[in-house]
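Trainee: One-letter residues, chain by chain:
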Amino acid sequence: EDQVTQSPEALRLQEGESSSLNCSYTVSGLRGLFWYRQDPGKGPEFLFTLYSAGEEKEKERLKATLTKKESFLHITAPKPEDSATYLCAVPKAQGAQKLVFGQGTRLTINP
Amino acid sequence: GAGVSQTPSNKVTEKGKYVELRCDPISGHTALYWYRQSLGQGPEFLIYFQGTGAADDSGLPNDRFFAVRPEGSVSTLKIQRTERGDSAVYLCASSLGGPKNTGELFFGEGSRLTVL
Chain A
1 EDQVTQSPEA
11 LRLQEGESSS
21 LNCSYTVSGL
31 RGLFWYRQDP
41 GKGPEFLFTL
51 YSAGEEKEKE
61 RLKATLTKKE
71 SFLHITAPKP
81 EDSATYLCAV
91 PKAQGAQKLV
101 FGQGTRLTIN
111 P
Chain B
1 GAGVSQTPSN
11 KVTEKGKYVE
21 LRCDPISGHT
31 ALYWYRQSLG
41 QGPEFLIYFQ
51 GTGAADDSGL
61 PNDRFFAVRP
71 EGSVSTLKIQ
81 RTERGDSAVY
91 LCASSLGGPK
101 NTGELFFGEG
111 SRLTVL
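These protein sequence lines are chains A and B, in that order.
Numbering of the first sequence is given in our numbering, commencing with residue 1 and proceeding in unit increments.
Numbering of the second sequence is given in our numbering, commencing with residue 1 and proceeding in unit increments.
Read the hints as simulated data drawn from the structure, not as lab findings.
Be aware that a few hints might be false.
[As the list claims (entries may be wrong)] Restricting the straight-line Cα-Cα distance to at most 27 Å, the calculated cross-link-like pairs of lysine-lysine (DSSO-like) are:
id	chain 1	residue 1	chain 2	residue 2
1	A	K79	A	K68
2	B	K15	A	K92
3	B	K78	A	K42
4	A	K57	A	K79
5	A	K79	A	K59
6	A	K92	A	K57
7	B	K15	B	K78
8	B	K15	A	K42
9	A	K42	A	K68
10	A	K79	B	K11
11	A	K92	A	K79
12	A	K92	A	K63
Computed from a predicted model, the values in this text were never measured in an experiment.
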């Protein structure tokens with residue numbers, strides 16, 4: 001069964017304290033892995049798509065990496081405005097238009 | 001409009017009532033999706049439209065749920081005989097369909113449904 005698991009569920013950091021979020025997936029024939037950011041009361045906002053192991057994408061203080069079994073979202077020197085829930089998702093093996101989302105990591109950056 | 005628009009933003013109803021949730025996608029996006037998100041969980045797929053037709057409705061939980069997109073733009077999610085377990089945020093997303101589809105979904109802010 002296609003499955004996405006994110007860890008940790010919640011993470012509190014001090015401003016400037018770098019860390020990584022994990023997304024493990026099981027799906028046959030990966031057709032991409034997506035990272036989204038979701039602020040409270042808002043819909044998810046697209047961040048990155050990764051397609052193959054070894055690929056990396058960067059945006060400001062965020063860098064996403066992909067291996068054959070998991071993806072990491074590295075956050076470097078975070079600021080309070082980086083506080084949000086970060087979601088990863090993969091297309092289902094059967095029906096690639098359906099995204100399977102993890103439960104998210106709730107990130108809080110304290111000033 | 002510039003983004004995906006969903007109405008109402010909040011809906012409180014009583015158990016057994018009928019509810020309609022509306023989604024207005026980004027102009028030019030042929031693909032439209034409905035997801036449901038419960039508190040503390042990631043979005044869960046409900047249905048996908050390519051144009052006017054429901055290309056995949058395998059995520060609809062039961063026959064109380066139905067969605068339409070009659071002109072290939074605005075979509076309405078309809079829930080009959082609502083139950084307390086239907087309480088969630090219903091998210092709509094759109095994307096470029098066909099060969100231009102990058103897989104990136106543009107989400108609306110959601111309709112929060114509360115069934116008392």
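Trainee: Hint by hint, say whether it matches the structure.
Mentor: These are the hints, each one checked on the structure:
1. Between A:K79 and A:K68, the direct Cα distance comes to roughly 30 Å. Violation of the 27 Å bound is thereby established for this hinted pair.
2. Note on B:K15 and A:K92: the hinted pairing is violated, with a Cα-Cα distance of about 33 Å set against a maximum of 27 Å.
3. Taking the CA atoms of B:K78 and A:K42, the gap is about 22 Å. The hint holds against a cut of 27 Å.
4. Only pairs whose Cα atoms come within 27 Å are accepted, and A:K57 paired with A:K79 is accepted, the gap being roughly 19 Å.
5. For the given pair, A:K79 sits about 14 Å from A:K59 by alpha-carbon distance, which is consistent with the 27 Å threshold.
6. A hinted pair counts as satisfied when its Cα atoms are at most 27 Å apart, and A:K92 with A:K57 qualifies at roughly 22 Å.
7. Taking the CA atoms of B:K15 and B:K78, the gap is near 15 Å; set against the 27 Å cutoff, the hint holds.
8. Proposed proximity of B:K15 and A:K42 is supported: the alpha carbons are some 26 Å apart, at most 27 Å.
9. Of the supplied pair hints, the one linking A:K42 and A:K68 is violated, its CA atoms being roughly 31 Å apart against a limit of 27 Å.
10. For the proposed pair A:K79 and B:K11, the alpha carbon gap of about 34 Å is over 27 Å, so the pair is violated.
11. Pair hint A:K92 plus A:K79 does not hold up; C-alpha atoms about 34 Å apart against a cutoff of 27 Å.
12. Among the hinted pairs, A:K92 with A:K63 is consistent with the structure: their alpha-carbon atoms are about 24 Å apart, no more than 27 Å.
Hint check: violations occur at hints 1, 2, 9, 10 and 11; the rest are consistent with the structure.
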